[in-house]
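A.B. asks: Going by my numbering, the first residue of the sequence shown is number 1, and it counts up by one from there.
Warning: the hint list may mix true and false statements.
Stated by the list, open to error - Label pairs and their calculated CB-CB ranges:
no., residue 1, residue 2, range
1, 216, 99, 27 to 35 Å
2, 615, 450, 54 to 62 Å
3, 216, 43, 35 to 43 Å
4, 43, 293, 41 to 49 Å
5, 369, 613, 41 to 49 Å
6, 43, 180, 42 to 50 Å
7, 101, 369, 15 to 23 Å
8, 109, 476, 35 to 43 Å
9, 455, 619, 47 to 55 Å
10, 109, 276, 20 to 28 Å
11, 180, 293, 35 to 43 Å
12, 350, 325, 21 to 29 Å
13, 194, 350, 21 to 29 Å
I should point out that these hints are in silico values taken from the structure, not numbers from a laboratory. Using N, Cα and C, we set each Cβ at its ideal position, and we do this for glycine too.
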Amino acid sequence: MKNKALFSPAGLVITALGLLIAVIIISSLPRLRIDLTEDNLYTLSDATRDIVRNMDRPVELTFFYSEEAASEVPQVRTYGLRVQEMLREIVIASNGNLSLNIVDPAPFSAEEDLATEFGIQAVPLAQGRESVYFGVVAFDPATRMQEDGGVFDAIPLIRPDQEEFLEYEFARLITRVLNPDPTIVGLITSLDVDGGFNPAQNQQTRPWAVMDTVRYMYDVRRLADDIAQIDDDIDVLMLVHPQELPEQTLYAIDQFVLRGGRALVFIDPNSDTQTQIAMSGGGFRDNMGSDLPGLLSAWGINYDASQVVTDQELALYVTLAPGQRPVAHHGMLGIPRDGFANDIVSGQLEVMNMSSAGSLSANAEAGTVFEPLIQTSTQTMLMGTGFFSEMGDPTLLIDDFVSEDQRRILAARVSGPARSAFPEGAPGNPAEESTEEQTEEQAAPTTHLAESGGDIAVIVVADTDVLADRMWAQSQQVLGQRVINAFASNGDFVINALDNLSGTTDLVNIRSRGRYARPFTRVLALQREADERLRAEETNLLQRLSQTEQQLTALNEEGATGITPEQEAEIDRFIQLQLETRRELRDVQFRLNQEIDQLGSLLKAINTWLIPLLLIAGVLAASLLKARRRKQFVRAGG
């Protein structure tokens, strides 16, 4: 009897009303949320939740958003809502540690002055339209009374094309306010990245452009090649072409990474930069390559320092001599956008140039997580370093090239738990005589770590020439300052990697997300139609403007002095024409927004009411049909 009452029409109506009431109650509870989107766009990662939940002091978030100006552009308006929703999710997850203010900086207002004070600048959406503010500031309220304005950090412009990285950017913004101290980068290198001496020119060389940028943004500390222990205050260890490092240094790197230190490693099977220095009188070495014996395999990376990647499809063209025709150099590669992984470090890059790079692959026995960041095309072949050490004619590579139809990995991220490359502990006793950089506090640690206490964070690039100026940037002196003009994204990759690794472990573990935009074809059709009308109106305006200017020029050429009645009439007509055209443009834009809003309201109504009502009606119809069949069965049985 209870089941019959439940599935009766009255029972189903009561159930439906109960569901609607439950939906209303749940909607009024901000902390009880269910994400039903395809890519879980509204679900924060555990790493972000840990960051905001474990904050040691409150932080204020201010979203400077020109809502009124952005309302004229549907795409920006939609993205503005998306940003607000993401910020609110982060605030809710913080358990009161974060607060959010949304400010619409009107022109010439105090809010606009405040946005400018925090470094948020207005940007024009299109020609002839009002500029908008679209940035976020994180502020430590405990430092509000400081003379320097307090501790804060900002994202001056939240770019729609970087939507996948919204969560990471907001989490990084918060951690920078919580930890405002500069990042310390420990550098070990065998190259003259900080400048050196050119024997061929008999003069000093400037620091590499990438190091100028790194030193501007971070506190760089040069470490000795034979260091026995890396201090814990080093945030990121940067290894550039480490050659023949002693066992004690390899052990120090091993223990640093296992203790939770981050590492950005640039290795190379054949350094073209070092080869060029040797050919110009700097002296040859037996091996122009670099490796980290034992460490890479312990971290889960396979790397052969005797093999160079050549790529027929991505080969750059080089000129051997003035006036000669450029030829393809299969060992010098231009990696396009589709060669980068959708990672926080590489997902925003456009192109990277590399030379005589090596190949990386995952070592399954290590148990770490190996994630490719930069890859070649499938038209590749591995060649021995002997082809490159003294090669003068790159056409030799073309003659010997046979595609192996395999995509090669040039850079990768490694994370997860790792084991030590020195399972038996420290390799012997350190040298008795210590260098000036190696103090008593830098002696080998007494406690050996056989495995990491948590996830390691290492990024490895199988090329060092990627850092050289000739591969990505041109620089010149302007008023005593070095100005760097980048033609590739090599420098951006380095800064992205250091920026990512310098954060907390939780921040490093945040990955990119899906995109919010799920455009409707009808909405896009409306936008295209309106854009065509707008372009037609703008074309008419420009044509009329040109005609009026020609008429005014003709009047002036007739020798008239001053402002004649004809000129006054033409000017009045042009001003009136401008007003009418602008009115028509506003009307077209208004109709566009009105049509899109009406369509959005209709779709919202369908999803909110029509679909549930149809479901309820379907259930009611099924229950009535079932009840009717049951009655017929009972009658037939009777």
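A.B. asks: If a hint holds in the structure, say so; if it does not, say that too.
C.D. replies: Do the hints match the structure? See the list:
1. Range check, residue 216 to residue 99: about 33 Å between beta-carbon atoms, so the 27 to 35 Å window is met.
2. Hint check: residue 615 to residue 450, Cβ distance near 58 Å, so the stated range 54 to 62 Å holds.
3. Taking the beta carbon of each, residue 216 and residue 43 are about 37 Å apart, inside 35 to 43 Å as hinted.
4. For the pair residue 43 and residue 293, the supplied restraint of 41 to 49 Å holds, since their beta-carbon distance comes to about 42 Å.
5. A beta carbon spacing of about 47 Å between residue 369 and residue 613 agrees with the range 41 to 49 Å that was offered as a hint.
6. Between residue 43 and residue 180 the Cβ separation comes to about 30 Å, which falls outside the hinted range of 42 to 50 Å.
7. A C-beta distance of roughly 38 Å is found between residue 101 and residue 369, which places it outside the suggested range of 15 to 23 Å.
8. Checking the proposed 35 to 43 Å range against residue 109 and residue 476 shows it holds: the Cβ atoms sit about 41 Å from each other.
9. In this structure the supplied range 47 to 55 Å holds for residue 455 paired with residue 619, their Cβ-Cβ distance being about 48 Å.
10. The given range of 20 to 28 Å is broken by residue 109 and residue 276, whose C-beta atoms sit roughly 57 Å from each other.
11. The hinted range of 35 to 43 Å is satisfied by residue 180 and residue 293, whose Cβ atoms lie roughly 39 Å apart.
12. Checking the proposed 21 to 29 Å range against residue 350 and residue 325 shows it holds: the Cβ atoms sit about 27 Å from each other.
13. With their beta carbons about 27 Å apart, residue 194 and residue 350 fall inside the hinted range of 21 to 29 Å.
Violated hints, listed in ascending order, are 6, 7, 10; each of the other numbered hints is respected by the structure.
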